[in-house]
Amino acid sequence: MSTAAVLSAPAVHSLWTTAAEPVDKIPAPTIEYAQLAPILIVVGAAVLGILLEAFVPRRARYHAQLFLAVVGLAAAFAATVGLAASGHASTQARIAAMGAIAVDGPALFLQGTILLTALVAVFTFAERRLDPAHHGHRVDSFAAEAAAVPGSEHEKSAVKAGFTTTEVFPLALFAVAGMLVFPAANDLLTLFIALEVFSLPLYLLCAVARRKRLMSQEAAVKYFLLGAFSSAFLLFGIALLYGYAGSVSYARIADVVDGAVTDVDPALASTMGNDVLLLIGFALLLTGLLFKVGAVPFHMWTPDVYQGAPTPVTGFTAAATKVAAFGAMLRLLYVVLPGLTWDWRPVMWGVAIVTMLGGAVVAITQTDIKRLLAYSSIAHAGFILAGVIAATPEGVSSVLFYLAAYSFVTIGAFAVVTLVRDAGGEATHLSQWAGLGRRSPLVAAVFAVFLLAFAGIPLTSGFSGKFAVFKAAAEGGAGALVVVGVIASAIAAFFYIRVIVLMFFSEPKPEGPTVAVPSPLTMTAIGVGVAVTLVLGLAPQYFLDLAGSAGTFVR
Amino acid sequence: MENLIALLVAAPLLGAAVLLCGGRRLDRYGHLLGTVLAAASFVIGAVLFFDMLGRGAEERALYQTLFAWVPVEGFQANIAFQLDQLSMTFVLLISGVGTLIHVYSIGYMEHDERRRRFFGYLNLFLAAMLLLVLADNYLLLYFGWEGVGLASYLLIGFWQHKPSAATAAKKAFLVNRVGDIGLSIAIMLMFTTFGTFTFGPVFQELDGAGEGTLNAIALMLLLAACGKSAQVPLQSWLGDAMEGPTPVSALIHAATMVTAGVYLITRSGAIFNAAPDAQLVVVVVGAVTLLFGAIVGCAKDDIKKALAGSTMSQIGYMVLAAGLGPIGYVFAIMHLVTHGFFKAGLFLGAGSVMHAMNDEVDMRKYGGLRKYMPVTFVTFGLGYLAIIGFPGLSGFWSKDKIIEAAFAKGGAEGWILGAVTLLGAGITAYYMTRVMLMTFFGEKRWQPAPAADAATDVEPSADHHPGELPHPHESPKSMTVPMIVLAFGSVFAGALFSFNSSFVHWLEPVTRFEHGHPPVGAAVITTATVVVLLIGAGIAYAQYGRKPVPVTAPRGSLLTRAARRDLLQDDFNHVVLVRGGEHLTRSLVYLDHSLVDGVVNGTAASVGGLSGRLRKLQNGFARSYALSMFGGTAVLIAATLLMRGV
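The listed protein sequences correspond, in order, to chains A and B. What the first sequence shows, in our numbering, is residues 1 to 555, in sequence order. What the second sequence shows, in our numbering, is residues 1 to 646, in sequence order.
No lab work stands behind these hints, which were simulated from the structure alone. Model, not experiment: these values are computed from the prediction. Yeah, the Cβ is synthetic: ideal placement off N, Cα and C, and Gly gets one too. Hints are supplied without guarantee of correctness; some may be wrong.
Chain B is faced by these chain A residues, among others (derived, beta-carbon under 10 Å) [what the hints assert, rightly or not]:
#1 R210
#2 Q217
#3 L225
#4 F229
#5 L279
#6 L284
#7 V296
#8 P303
#9 V351
Looking at chain B on its own, in the form it has when it is part of the complex (with noise of 0.2 Å):
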């Protein structure tokens, strides 16, 4: 069974080199190779989670060595996977969504001409990610990491025709880097503390450590983790992510790899758990962009763009339960996958919805939508409950629990965590139901689309007709299917899990699970919990349900402007790192001129020099030359006997 892993990587893999290197012959079926490759990904997963129910909780785990890939004395980093419980819930989740994705795009790219390129792209992510999540040491997982980070940029700049979508690119790809340097750090730090990078003997050997090791490393992780899940302070690029086409927003920047980085904390769970001072710091990531993404999302128009900060949001979740240690892992796990399937769901309902609308992604410039499209109405909707938890959907089991851990907690802590957590849940209501209402309700504020002109941001599309009002309608089988069957999910996923703890019990062996005790009762927080939700989309119903929306935006508080301007992350970023870069920069051109030049061009100048004075000794005359040897012949007698004493 366990010779099956690698072909999990290889599917995938084999789908981008055909479609990236196979050239437009390949225009026709590309897409398809490429779904099918997905799809195969999806049932060898399949079969492997089957195959893993029929064993024992401790011995589910298979371990597959495909080969040294560095076998040096005292380095040895091998091409090997692992894969137990955890790795499974992402294989399924990664190559599920990723398959139902790939299918959506058909629909959703096939008036781009560079279709194949794109699916090629998306298949290649698809095996980095799955390389990232089953790799059984830490270097194969950057390998993995640094995949991902590519697979990312490529889909981001994917109309790199637009100015926009390759800023966006390079600015995913360069905020990414500084928390890869993290990871590598972290990666370095464990081989010379430990001698390997494999999961195993690192956590094994945890002991041997001290703990300012041990929260040096954990610190490294969590940047690595923050740059690729977008948390603060690495958190800017997911907005401007957004520029990709909406396949890749669902997928790779909503359901996978934003995820990454709370896969990397439980993974490293061990670490964590003996670095509580780290762990803290993680704690209060989660938190404070849990706040962060929601403030954003409340004020953003766009509803990619919405819909990108509620991910931030919802990751800040994951993050801080993973925070939390043994009694969250599993909680940052179900949220994870429950929030891949409403959050993706999402996402390919508003790509549908851009579809449908000339690409416009101005909520103020919809409206009315769900009587043109039902399907997408329906899905969206039920999306929509399931992320604000609305009871018995999946979110509601998922982010209860991680609501009644942050309690559990303790202590101040417990409290301040809890109530952030809760207040997370009214704004997530809030924003919610505004972008479900100023979508799917009211008048209809539509606009004619803008003048069709290649250098404006518009998503090529043959339903783009310039100067006429849009006609909405109903997106294409490929399109919807992936849609619904994602509701399904964003519906029963949660019940599914919770139902008698199969989750918790399903991940406990790999992530250990403690029960917390919230200092309430979990009825208490449940009910809290329920009110406040209803709290927040009552406040948004008020504001955009009850009364017209105006299709340009009002000024809004200084809140709401300085969320509209991402609470202001570009503009910190610039005046901090950009102008102080520049500075550092400039001073160090200053040094290296004045003083590294000056010493390295001194010590070129003087052995010149000295060259110009020793090149005179060489005369032309062989007297002098004869004298030369006869004095090198003196000392050299002189120094022989000297050395003896003689």
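Chain A extracted, bound-state conformation (with noise of 0.2 Å):
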């Protein structure tokens, strides 16, 4: 509770009387185990993750870490489909653990979502036939012991012993855990502690990569400092809601924004109701928010850490962390603040403005295709927000259906990034993918599916989603955003196509890349992403009710 040092004195006060009061006025606390069932599994899995970790013996660490994710995943997916069909999505919507956490349609469309892409992410986690075998023994695309110094004497040791980072999986599975509590915490605490469970874990992935170690952790700590960097900013947003409205809870917060509550907790009577504090605290609770899903100028991070990480955590952080971000954010706005909508859209105007065309523009001079990615993300995250600013119904169902179908685009794209490779590692540099379409055609075709639906062309889930979003929030009134929107389209459509020509229309370099043969594994993860991109744009109707029908937040 350093952190609380922030917090204004009075604030300081009242939690020390609080916390003095009389022991038997505590309520017992009570946890629905049921309704948090989803997050619970993951949580679980994580903790055993650590359990195996320290007492499997080292080569049989990997199967049994490999298997309990994927069955954690996929016990938490069926929980949460339980859960949305037993009514929890519409009729039952309810807040359970207390206050803490909201079981209802969003909640439950995003966690399904972050489950499902973490289950596909964590098979590009566990592949291990890219890379020549070392030593005898296979390798993944993670540091063999990621606390040797990379060159020293004592990481050569670590790869001759044939060690892998298998801690990964229940890392992995954490973030998971945070990820899946993030857009379902009701109050602003839990929302905290969520970020920074979720944070954690993807800092130390992003450091662990197996080749180009230095980039790597330099990237981590880039990530790590920014990241932290901005948690202040949110906690200190915190901190000033909680001067304003006596409370953490989006609920309680609310009813004072919209001027329901009376009795005013006389240890803040001085700043209860101060709309100065609300609306500092509301920018700083965004900045925090807006740095987590990327928008400019929040940015600065994301290339140099897509770039640097491991390209499966890549591929993950950037679909998984987007949803979860996205989904707080969208409760946030909708729960919290909806008495404010006058106050954040003008803002959130300015930010989606320079997001879209920031990313699109950008992006035109990258040269490294995982920078080229980022910025990519960037620009989408400019275009999840023209939904977001919609403040309807609509607005809130658009951008569930695109960021489903936006994070199996990315988590597609990155595994076939993972495939292209020479003999130092994935060949990212664009030149090097020149003529890939005549060496491998499928590969090819695959990538460019994925790039014909970021840059939204029909028939892909790019364009239902776009469609959707864009739809929304012109009906919301937010028309020339979606003309600026249409704008950077089109600037972004000139680095997706670009790359297109590259693979297609080029002749091919004679010492290019090779594409590696993968394993089941990554091929699933392909699989799905083709499957999903185009079963979202031939036949989007099904899921755009779904997501329609998830579309109310409970209070």
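Reassemble the complex: the two chains are provided individually, in unrelated frames, and hints are given to aid placement.
So this is what it looks like as structure tokens:
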């Protein structure tokens, strides 16, 4: 609670006095285990994974961890579907865990998306056939021993001994658990805890690349520093909002914003209802979330981290973080601050515009495929913001749909990136992709599908999503934003198509990279990506309806 | 009964599908199947006709809606048919003449190894043409309209190994595109004006539209009619279309498809009646084409091209009549039907002659054939008498009525139009007598057949013996029987239609009819017509009957030479449209390169430059990133506070 020092003095006083109340007045907490099952299963699997790491022999760990992760995620997904099927997404929506976590349509939809995305990502984590075996040991994308100094004797001996960093699986599970809570968090403290729970494992995961280790570690440090910076903003914002409302509960803050609360906490009498606190607190809170989704000008970490992190981690981060963070942003804006729409909309307009244009424009001059995809993800964050700004139920469901569509395209695209390799590992420079379509037509075609989906070409999920978001934005009175969005899409189409042209219409380089034949794991990931992309592109109606029926927040 | 309507189209459509998809195993029976299905269509048509006769004049129309084609709110396009007296007339003409020509083609195409495909195309044409005349809305009509265009293209270019045939097919297709654009624009105008393109509702809501709109719609419909019916200025394709096999020329480019324009104008009569300016243009187009085609027909030595000029001219009569409004619609259609008989008969006769003469088409190399081909001579002769309007035969009844209606237009217009139609009748008599004399009378001017060469313009034929003089003989039964049947039509149809004004009563409920009152008595006009045609025939006799016909054409007068070149239509098109188009294209390309590309590339360059500069902000230092975040947050807070004005 050292960060609590930033709170204003009366607030601190209030906290202390609350804690000093007699013990018998604390009500026994009630936990609805069934309704929290998806989160609990994933957390349980993650804890179990740590135990496996400690007790299972080294050579059995990979299989045990993979099995545990897949089963845990699948079980959590089944639990999510079960909750949705039993009406928790609509009529039975409620707030569980003493008001900390919402179990409603958007939460379950996003949790389902995150779990499926994570499941696919775990497949790419487990891929061990892309690189030739080292000293008779199969290797994946992760360092033999992450703690060893790059290039040291220690590292060499670890490689020789065939060590692998199987900790990535429990780390990923912890991140997933945090992401599941993030969009469902129903008070600001839970929001903050969830943010940290999913961020810290991601920082670690970014640092454990097997090749280009220094770059990977640099990326992780940058991500950590900037992430901590943004967390501080977020936390400060939480403190100010507490000062304003006298509570961290979403519902209570919303009531204060609406002026429905008349009883003023005497300890907070000087700050409660002060709109300046509300507005600054809200802006800081937003900063923290905009950082996570990678919106301009809080996006600068994105290209460096995307490029430096192990590519499977990049795919996972790019897809799942965006889902979780946009989910949290939706809940915040639609549940806590609907009364403040006229305050946040103009600001978000500006952010959305610079994000769409900034991402698209800077992507044009990128020469590295991972950085290119990073800027593309920034532009997409802008498109999604357009749907958020709609401030209508259609806006919510369009964003949900877009997130589902986008996350599978992203994971698939990064999975393809892992396949194109030369002697130095992944060949990510664009010039190395020249003529790929001649050498490996199938891989190039699959990647082309993903690029077309990114560009929002019809018959792909990208089009359905973009159309839904822009439609909602236009109907929500943000027509000008849609115009900017379409212009940005046009700019973005340039660099997507350029990669396709490069792959299919350029002469292959004689020393160019080869395409590794992956195991069924990566094939599954890519296959799922293509399938979802095409299904959501060709027959989106069912999923649009699903997202539409999941568009109501519980309060 | 109305459920039978779809079968009219379905039968030949089935034939086309089977014949075109069936492959070689159908080669032996394919032509019979095609003929049977065409005949089936005719039989169904006849059943429907007698059923229709059994009902009162105003209850004769039948409607059938098959399914909603494009069921969108505010845009209802149905596959729906309307069979009224006008459609019925066409159905019987198309399927009847169509069946005869199928029979004829069995003999004519006997030695062509792609005969099955030929019959498939013929069936396709029948289906499309029947769809065209049965549609109850303009969109479906357009569908059929394009379908006959396609069939026409395929059949003109049927002997695609001949470059001239391929070129002619392409030319017909391109010129027709121009007309088709007119039809599509007309449909769009209708939709925006009336919100529908179904005949009934459109014609009922005409009052709601301004005369300017109606004129625009009518002129666009006229453009379409000009393209399909080879009227000036879109007439240039018809002469070249004679590159197709002769049965095709008879069916498509004489009897049926080229008359679709007349159908379109008559069907849209309500629109034209409400658009007098456009109607005047229709009359002018008809009058000009009438003379244009007749003059071209006078100069051609190629028997089919002479007949093609004649077709153009006769359709000019029909268009002129249709442009006269309610006093002319009925006679336009009546002439259309009689023309269908005698012109199809004449073409089949020409085909029979060519069949006998090593596929020679130059009439200067015919002569004296009447002894060798008696059946062809008689049927062709009856067709000849019918087309020049010899009293008592079909053409006399129908053409005379058009001339009367032209005079009845009234005022100076009436006199001018009357004079033009009379003059046309005279020229018709002249060029048809010329064809008759050069082909069947006089001395034999036969020439040895040219050496067989795959690349030459020679139709494949078993009778083709290079280097020998032709041995003319009568054609087989399958060819002569249809000619005889058509000759009956040429002789009696007109009288039948005119007896008791039966045709007028038949069509009146659809097209409406007003009695025209010519400034002079009908008897005077009839007499004048007969006199004029005798003069025309007499001049021809003086030139071609009493003097020997030279085998090589004399140089001729300026007009003759121009007429041989189709009155310079292609030269005109080349200079004005082709060259003009090339210049336009070149200047547009220049504009595209300099202006459009300049703007596009300039935009791209500036976006790229911006991208390069923005990219420098991404310098890799976490401290600058943090500064950017900090600045962003400051701006965000400031903006939020500013919005509230706190």
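Now the hints, each set against the structure:
The beta carbon of R210/A is not positioned within 10 Å of any beta carbon in chain B (closest approach about 22 Å), and the interface hint is therefore violated. With a cut of 10 Å, the hint placing Q217/A at the interface with chain B is violated, because the nearest CB-to-CB distance is about 13 Å. The beta carbon of L225/A comes within 5 Å of a beta carbon in chain B, closer than 10 Å, and the hint placing it at the interface holds. Taken as an interface hint, F229/A checks out: its beta carbon lies about 5 Å from the nearest beta carbon of chain B, inside 10 Å.
This hint holds: L279/A has a C-beta 5 Å from the nearest C-beta of chain B, less than the 10 Å allowed. For the restraint placing L284/A at the interface with chain B, the shortest Cβ-Cβ distance is roughly 7 Å, inside the 10 Å limit, so the hint holds. With a cut of 10 Å, the hint placing V296/A at the interface with chain B holds, because the nearest CB-to-CB distance is about 8 Å. Because the smallest distance between the Cβ of P303/A and any Cβ of chain B comes to about 6 Å, under 10 Å, the interface hint for this residue holds.
Below 10 Å, beta-carbon pairs count as interface contacts, and V351/A has one with chain B at about 8 Å; its hint therefore holds.
Of the hints listed earlier, those the structure fails to meet are numbers 1, 2, in rising order.
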